[in-house]
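Student: Chain by chain, the residues run as shown.
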Amino acid sequence: MGHRGIGPKVGGLALVAADNFSARYDLDLHAGCFSRPSHALFGECYVGRVLVLNAAKGGVATAWMLHDMVARGLAPAALLLNFANPIMAQGAALAGLALVDRFDCDVTAAIQTGHQVTVDPERGQVTVIRPA
Amino acid sequence: MLKLNEHEKAMLAGAEGEPRRLAMEHILQVAGFFDAADLVEVSQAHIMADSEALGEAGVAFLERLAATPEDARRVRIPTVTDPRGADFKAYKRLHQDEAVVALERRMVTAFEALGVMLTNTCINYQTIMPSVLGEHLAFGDTGSVIYANSVQGARSNFEGGPSALAAALTGRTPRYGFHLDSHRRGTKLFRLADRPETLDDWGAAGAIIGKAMASYWEVPVIQGVEGAPTSDELKHFGAALASFGSTPLFHMIGVTPEAPGVAAVFDGPPPPAEAIGRADFAALHEAYRPSGDKLDVVVFAAPQLSLMELQSLAELLDGRRIHPDTVLLAATSPELKSASDRMGLTGKIEGAGGVLLEGVCFYQMHARELARANGWQRLMSNSAKLVNIIGGYGYEPVLASMAHCVDSAVAGRVLP
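Listed in order, the protein sequences are those of chains A and B. Note that the numbering used here gives residue 136 to position 131 of the first sequence, counting from 1, and the numbers run on in steps of one. Note that the numbering used here gives residue 49 to position 53 of the second sequence, counting from 1, and the numbers run on in steps of one.
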């Protein structure tokens, strides 16, 4: 269980790392993949995935970027973080993207890449419905 | 449960037009996410406004707001902008795409229709209106937030573009995080064992502390700084700390206004201090050691340069010639570009072959496309913030002092 989140109820395949997140610092928004060489998910495609990472890092750009990513069909299905920051919340609100954080466990350890999960932001609930 | 006053309820009900209704809905979502009890009035908003971040969808969103009646769309508090993505006077020199410039022009027109003042600067705390101890703000650049919160004692969360715009339209923001006394207490203690001597070392110190921050909610406290640093030193320190850490506030004992002593900023006994010194600054630089010495571009930006930094750069470049295989760029605010022109600093920088840009910042200029258009890969800068960001855009960044960067630009290669 996490804190009450933002955005619609969604499901998808998880993409998980114990690394941090900023759309500007870490992503190639046109290719839909992680482009920061030092990121644990470097080279991985995030489009349509339930992205599970540790904490929001970096600047303010993600607040606008999530909205444009959703509009272009190049967004993750949901974003689950141990700690979001205001930028992630503001970006998810404008984009209508599912976001949940502040779980009662380390979410990057509780979910593995390839798990099929459902995310219910209103209840802060994430359910693994099929293991990898 | 969020408490709204009658005016706020009226805005939410649409009594003051669709833009303010949308803004209130946005504010309520963020307030719910962070359990805010009510809203706080803010005196200024600062909006992140580069077309790469907004994209076509963001610009179209602004244009929909701009098409509403004038009394519905005008911002309610003084509202300024962060750097944009293209310098309309200089973009052709950098081979920037006309499509990028066209998107920027649409964005500018929309912001103007909303009554936003296009200051195009991230150093608004140095150049536009310094904030005041206890002043509540909605600032939209991590560097401007951390400076206003820490050095000036103001109160702002990171307000990304949509949120800063909502604050501008309504004059308020959710009261949570760094608007509250309870979130402004220290959580980790550091001691600067050696005083950084150059701006890149101040940035390195900020980067090291930023890396140690577990989340947005951590507040680092720094002791051991004897005598006041300059505004530019704290600017580079804070910008790097905010970039590496997503950190909106630091306290520097004996320097920043809420930190007269260690006991004043911690609840209970302070944690043990972690010492940071010269070897740590060097190790941070070492992480950006280049794999070769070919030098494509030298960038002074992130944050934009103050008048004093422009003077230092002009003096370093005066009478010299940048190597033809290397491009040297510097970015400042429109006001300081004008001052730099008037004082002959621009002449010295451009006389040596450099390009002084106004109203932009390098990483906000569609940097991936810039690299492709100009064949750039290896980038040298004295900004720890910039080298942190720019790797994801396909660059190989190198961190060095301003003097070392200039010497390398003249030599056309990264000097050892």
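Bear in mind the hints are in silico, worked out from the structure with no lab data behind them. Please read all numbers here as calculations on a predicted model, not as lab measurements. Fair warning: there could be bad hints in the mix.
[To be verified] Quick list of simulated restraints, FRET-style, between CB atoms:
1) B:Pro412 with A:Pro136: 49 to 57 Å
2) A:Ala115 with B:Pro265: 32 to 40 Å
3) B:Asp321 with A:Ala45: 30 to 38 Å
[As the list claims (entries may be wrong)] Computed list of lysine-lysine pairs in DSSO-like fashion (alpha-carbon distance at most 30 Å, straight line):
4) A:Lys14 with B:Lys207
5) B:Lys5 with B:Lys184
6) B:Lys5 with B:Lys207
7) B:Lys(-1) with A:Lys14
8) B:Lys184 with B:Lys207
No residue lacks a Cβ here, since even glycine has one placed at the ideal position from N, Cα and C.
Student: What are the numbers of the hints the structure violates, in ascending order?
Tutor: Hints 4, 5 and 6 contradicted; others consistent.
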